[in-house]
Amino acid sequence: MPAPVPFTVLGGYLGAGKTTLLNRILAAPGAGDMAVMVNDFGRLNIDAELVAAQGGRAVRLENGCVCCTIGDSLVESLMQVMAATPRPARILVEASGVADPARVADFARLSPSLRLDRVIVLVDLEQIRARCADRHVGDMALKQLAAADVLVLNKADLVDDAARTETRAWVEGRSAAVVTFEATRADVPLAALFAPSERAGQAPRDHDHNRNHDHPHDDFDAVRTWSFETRRVFDRARLEALLDGLPPAVLRAKGFVDLAGEGLMTLQLTGRRWTLEPAPDGVPRGQSRLVVLGTPGMPADADLRRLVTGAVTGSPAT
Amino acid sequence: MGETTVIYPARKIITMLAARPQATHVAVRGGRILGVGDLDDLTGWGDYEIDDRFADKVILPGFVEGHSHTLEGVLWQYTYVGFFDRTGPDGHHWPGAKSIDEVVARLREVDTGSGPVVGWGFDPIYFTGRRMNKDDLDKVATDRSVLVLHASGHLLNVNSAVLNAAGVTADTDVHGVFKGPDGEPTGEMQEFAALYMAFEASGANIYNQIGGESSLHNFGRVCHLAGVTTATDLYARLTPETTAALLRVVPDPSFPIRVVPAYGALADTPENGAALVKSLMDKSSAKLRFGLVKMMTDGSIQGFTARIKWPGYYNGAPNGLWNAPPEELVRAFNVFHDAGLQVHMHTNGNEASELMLDTIADTLARNPRPDHRHTLQHAQMMDEALLRRAKALGVAVNMFANHLYYWGEQHLALTLGPERAHRMEPFATAQRLGVPYAMHSDAPVTPVAPLFTAWCAVERRTAEGRVLGEAEKISVADALRAITLGAAYTLKMDHEVGSIETGKRADFAILEQDPLAVPSAELKDIPIWGTVLGGIVQPLHAE
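From first to last, the protein sequence lines stand for chains A and B. Mapping the first sequence onto the working numbering, position 49 (from 1) lands on 49, and the numbers just tick up by one. Mapping the second sequence onto the working numbering, position 535 (from 1) lands on 535, and the numbers just tick up by one.
Hints were generated in silico from the structure; no laboratory data involved. There may be inaccurate statements among the hints.
Restricting the straight-line Cα-Cα distance to at most 20 Å, the calculated cross-link-like pairs of lysine to any residue (SDA-like) are [said to hold, decoys possible]:
1. B:K179 - A:P112
2. B:K473 - B:I536
3. B:K179 - A:G314
4. B:K179 - A:T309
5. B:K309 - A:A133
6. B:K309 - A:P284
7. B:K179 - A:R306
Construct the complete structure from the given sequences, taking the supplied hints into account.
In structure tokens:
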């Protein structure tokens, strides 16, 4: 069986900058052999000079990237993308502005031919608080924050420092993301958005990642992320033992864990220190979600899964 | 006028024409209705032939199914395993599968020994006891994939072969994968990710058949069996391939129905979509009518994905999903409206219905258009205030009568609770307020059977026989109007079909009994002899 295809989900509400980021990705010279699945061709500036071939729902660009529309069924369009020979080297799916990126990530969690890479969620720093309070879409905007592995706080130029700091803390309090980028016009280093699968064997750089909020962007491409979701609850004693025993290659972990008898807690782990505090309002209840960031030398995904599953009880979440 | 005039005497003709509600004879010339009345009213047009094959039948306008999907025709290529009886395109009557064992037995029976085994329409909500699991489907096959799609459209069951091929085990902690008390996946799952995994692992693919010629033929036959002469495909892809298939298949005189495809608006930008629909309108013909647009806004109530207003779902489930950000729905509607197109909007929950009524109100204030006939589809939770707004805005509603029967008990117990369940599909209120209304099956979600749909609106009985909302019952006559002229109105075809009236197309449903005379509880059981489409007599069985 061929190696599973890395699968990245790009989420965030309408206007957060997904299209801008997609345009950056599509224009990047190194994007070759990636299939980019979008909701709407029309808004992308696919430069005619970059188009090598066009047919119906897909455009092949000169850099080797294939861009196609999802239409009304991700199931169907993903089947088409995966039927191509050869398979794409990587797939990036733009989740609709009202989709829960976690449910899109499930495609890769379930299919053996896909491997979940990262869930990237863009946030409009100026609008996010209002979005989360909106009667029609507030619930979904909050789900999107919770589902992120990587947050891109966009439109940083539109807010002043005080608002940016306050909004960032508010958003991070409601997200499991282990890394946050602040950006203007979605300008983030593209290598940082995809796991370094090709470089997995590379030795970790000697670098202090503990203050990840400030860590230089050009180093993020040397770390791995791994995420875990469950609807069962965690046992506090076993979780604490797990956290105390994590290898040093795990640099950071964050998430919302439903503790038996206690309810949903925010978990923060940085280096050797961790805290568990009640999760704020707005974080969707009924499930736990954990994101881990580490050097390429941290335990393999399957081993991390075994470790974390060991702290989970058989009971469903509260 | 060299064309032949044929006069059909009938036991009774129910016209839907206020000026002459009932008659005994209808004259047909050149595929159209020359006149309706008694014989003396019709003989003055010149030479005629009397065709008395309907002399003991009851003639109604051909039924109009205002909300169905040709996907029905795709699914019949697989095996029906639903709880309720259903008739296939070949006329074969499939009795409902009333237990897990019956489902398994049927799948074993149809299995050809190679390729994936796919069942559809599975509906375990009336089963007592345990849920179906992989061990059941392993009795069908262990060496090949077995998939069973649920009627609700949100769940599926698979056998061990599928789970093994996908590597789904007790360690798989993914949202839609159900686990048993032993922690092992049961084989039952939900959400699109699970569907993708199952299709990928099994090699089954229903998508590449949607809109294909064989699915159209199946769909046409299923409609014909139900007395339908005009049916919508209310979320049509209209790719070059499926459009070509429609243009090849539907105009052929042997194809039994008129088809009204409504362009599915999520496939492209609204600007491109509007341009496509307008370009296709030139290709419209007597039997194939382009020009409608369909927008999806929310999910389904039984799947807890409809957007509903406070106090939300009765069992506490979180609110449902939008199909696109509300701003985009608003923008798309404006583009289609400004292009002069008629828009049908799927809105199951009342929050979705309200959003689209807000949108229509704003759009009409900016760009008024008399008689736009934008239509809310399903509109299952409209309260009086929403219906008053629909009336004020000139919006029609096509309500999902069949839900009362198929999911009424679930709405009562789980999704909406008693108060809101009893006033779902508020036909009597719509009638009282003068809101133009129709009713539908949403096939393949429920079977195409307009007489059954009318029965649902008249009797309002759940599958367990309970009456849901006595006060929202309507009369048989009103329900018959809804499945003919009412639906035609929502398609802007009420000047052509939907009643038996001079100048209209000679489309008839030929019934063995008089729906106005039988007890209303038996409305759904009236046998259908066949139809007439544009003057062509189409019996169900060889005469």
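For each hint, the structure was consulted:
no., hint, in the structure
1, B:K179 - A:P112, "holds (19 Å)"
2, B:K473 - B:I536, "violated (35 Å)"
3, B:K179 - A:G314, "holds (10 Å)"
4, B:K179 - A:T309, "holds (15 Å)"
5, B:K309 - A:A133, "holds (15 Å)"
6, B:K309 - A:P284, "holds (19 Å)"
7, B:K179 - A:R306, "holds (18 Å)"
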